[in-house]
Amino acid sequence: MKALNTLLEEKNNLLSIYFTCGFPKLEDTTTVITELEKSGVDFIEVGLPYSDPLADGPTIQDSSQKALQNGVNLDVVFEQLMTIKTTNRTPLVLMGYLNQMLKYGEDKFCQKVVECGIETLIIPDLPMVEYENHYQQLFDKYGLTNVFLITPNTEEDRIKKIDAYTKAFIYVVASSSITGAKGEISKEQIAYFERIKNMHLQSKLIVGFGISDKTTFDTACNYATGAIIGSAFIRYLAANGVSKIKDFIAPIIS
Amino acid sequence: MKSKFQPDKNGYFGQFGGAFIPELLYPNVKELEDNYIQIIESEEFQKEYKSLLKDYVGRPTPLYLAKRLSQKYGAHIYLKREDLNHTGAHKVNNTVGQILIAKKLGKTKIIAETGAGQHGVATATVCALMGLDCTVFMGEKDIERQAPNVARMKMLGAKVVAATSGSKTLKDATNEAIRYWIQNPETFYLIGSVVGPHPHPDMVARLQAIISEEMKWQLKEKTGKENPDTIIACVGGGSNAAGAFYHYFDDEEVELIAVEAAGLGVSSGESAATSQLGEVGIIHGSKTILMQDDYGQIVEPYSISAGLDYPGVGPLHAYLYESKRAKFMNATDQEALTAAYELTKIEGIIPALETAHALAVLPKMDLTKDQVVVINLSGRGDKDLEIYIKHLEA
Numbered sequence: 005m006k007a008l009n010t011l012l013e014e015k016n017n018l019l020s021i022y023f024t025c026g027f028p029k030l031e032d033t034t035t036v037i038t039e040l041e042k043s044g045v046d047f048i049e050v051g052l053p054y055s056d057p058l059a060d061g062p063t064i065q066d067s068s069q070k071a072l073q074n075g076v077n078l079d080v081v082f083e084q085l086m087t088i089k090t091t092n093r094t095p096l097v098l099m100g101y102l103n104q105m106l107k108y109g110e111d112k113f114c115q116k117v118v119e120c121g122i123e124t125l126i127i128p129d130l131p132m133v134e135y136e137n138h139y140q141q142l143f144d145k146y147g148l149t150n151v152f153l154i155t156p157n158t159e160e161d162r163i164k165k166i167d168a169y170t171k172a173f174i175y176v177v178a179s180s181s182i183t184g185a186k187g188e189i190s191k192e193q194i195a196y197f198e199r200i201k202n203m204h205l206q207s208k209l210i211v212g213f214g215i216s217d218k219t220t221f222d223t224a225c226n227y228a229t230g231a232i233i234g235s236a237f238i239r240y241l242a243a244n245g246v247s248k249i250k251d252f253i254a255p256i257i258s
Numbered sequence: 439m440k441s442k443f444q445p446d447k448n449g450y451f452g453q454f455g456g457a458f459i460p461e462l463l464y465p466n467v468k469e470l471e472d473n474y475i476q477i478i479e480s481e482e483f484q485k486e487y488k489s490l491l492k493d494y495v496g497r498p499t500p501l502y503l504a505k506r507l508s509q510k511y512g513a514h515i516y517l518k519r520e521d522l523n524h525t526g527a528h529k530v531n532n533t534v535g536q537i538l539i540a541k542k543l544g545k546t547k548i549i550a551e552t553g554a555g556q557h558g559v560a561t562a563t564v565c566a567l568m569g570l571d572c573t574v575f576m577g578e579k580d581i582e583r584q585a586p587n588v589a590r591m592k593m594l595g596a597k598v599v600a601a602t603s604g605s606k607t608l609k610d611a612t613n614e615a616i617r618y619w620i621q622n623p624e625t626f627y628l629i630g631s632v633v634g635p636h637p638h639p640d641m642v643a644r645l646q647a648i649i650s651e652e653m654k655w656q657l658k659e660k661t662g663k664e665n666p667d668t669i670i671a672c673v674g675g676g677s678n679a680a681g682a683f684y685h686y687f688d689d690e691e692v693e694l695i696a697v698e699a700a701g702l703g704v705s706s707g708e709s710a711a712t713s714q715l716g717e718v719g720i721i722h723g724s725k726t727i728l729m730q731d732d733y734g735q736i737v738e739p740y741s742i743s744a745g746l747d748y749p750g751v752g753p754l755h756a757y758l759y760e761s762k763r764a765k766f767m768n769a770t771d772q773e774a775l776t777a778a779y780e781l782t783k784i785e786g787i788i789p790a791l792e793t794a795h796a797l798a799v800l801p802k803m804d805l806t807k808d809q810v811v812v813i814n815l816s817g818r819g820d821k822d823l824e825i826y827i828k829h830l831e832a
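First to last, the protein sequences are chains A and B. Count along the first sequence from 1, then add 4; that gives the number in the working numbering. Count along the second sequence from 1, then add 438; that gives the number in the working numbering.
Calculated directly from the structure, the hints in this document are not laboratory data.
Mimicking DSS-like on lysine-lysine, the simulated pairs with C-alpha atoms at most 27 Å apart in a straight line are:
hint	chain 1	residue 1	chain 2	residue 2
1	B	440	B	663
2	B	547	A	186
3	B	547	A	191
4	A	208	A	164
5	A	191	B	545
Computed from a predicted structure; not experimentally measured.
Construct the entire structure; sequences and hints are all you get.
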């Protein structure tokens, strides 16, 4: 697997896709990753389905519930990821909620993540103070990197602090919303992207939440190194299954 | 000296608490954290809060010596009559306080979650009183089960939004309220129990503390001593218990008993006895004890009482459990029903189903004739009549 940081340095307009493990079918996890790679996606956000995903909108809630009904759990996900460890070259980022890691055992979780060749984590309900007091040390021990989120309401001082902690990229949440926001990117959002861009942070920026198609992707890329599409892809998977993933990706990167 | 039952600067009671929230909520929670103590301790707030509790809610609530109940169980049993509050339960102590905090912070839109509808009604009531916009999130299943409370909320001018995610009950209503809060950061989330991210558990505990504040002087008047031997309260999220225990945490000679809902039995698979079935985890922004599976997925609890039907417990209670400051007992659906019928028959008081769980542990205790016991009678049973009638016939 290629290092995410190398990619972030080398390329612009990076397209990242979020998907939910074990959705639409339990065994689809690896197929989705392989198909996304073939389609030219730059890096992939691997979503661990959770019963109570506070930061997620209806689309990802539904895919998570379906995946859990399919029988997916952390052990299954780690097994699935191990089977493609040597063949997959696209960087993977693991996204899940803190309670999943806590219950699995923090050290055991980190160890498994590393074994799967993953070095980057997104945990939306891991707050900065807990990171400082405990998780920074834990992640350092395993060579793992945590991705922090910033929002239109994050104060400048806090953004600077997040910038200092960041080793991969800062996740720029496009609006005050949960995942799956629809529609065009507004003037206010552009002003916010510009404000962040003009802070000239040392970290690379990746925009997410509300990015759904070529237009919103291209707009986001004017202000960041890349963008993440999640809910729109999940909706596509729900309707079309895993066989036509290329048809979703091609128009976006054309 | 600061009590060890107060949260530390990061909102922890021992290992429990904190604020495990997405960055999106950070400014909202920070604003409250920076201001809530100062507001609550201000003279202006205290004056308004106490005045509303007295003239609008009807406090102080009586501390009633239940003679026939005492006779039956061989102890001096007092009932703290929170059921006599306006809107029928202790919930309003909290909503009156929080609505004043919301106003002080300049908030005009209020959101809340509700299970059985008691907190929803108490929130809609204070919003009507203050002329503020009110939206209540309620699980789709609970909306079906609690039609009269839904109608009350609507009559009070609140908008009731069905939570259709997950198991469609209290846990999901809370998730939906939090998601709405993320998308509408200008709103004030008026949480109904001692749960959620810091400072919510501490704020709600402080607002419910009026219960034990009154108990102290009322007991002194009636018995000559401020402290009873034992205080019993039911626990779902834990707000009425937090209020009844609050001023007694550091009086270690006072036995505190928290009663959870065992549903069909603790090991039946249909239970809400979180302390017995749960493990350390994170729910609704707080590290606490939580019912979950081997992979940290939150498990849906069960109880006949919608107000105790919660898979977690407030972080303060998790700490009371772990530190053994409180004794945790539980009562099944059937035991609660039996206790409710008994209180109705021998004292003429129909308790809420939640409260009935607290009463239901009396037969399981070794009481002595001089023992002074206070049971927090957290709510009245009007809302549960349908269930009471159904089981009475059965």
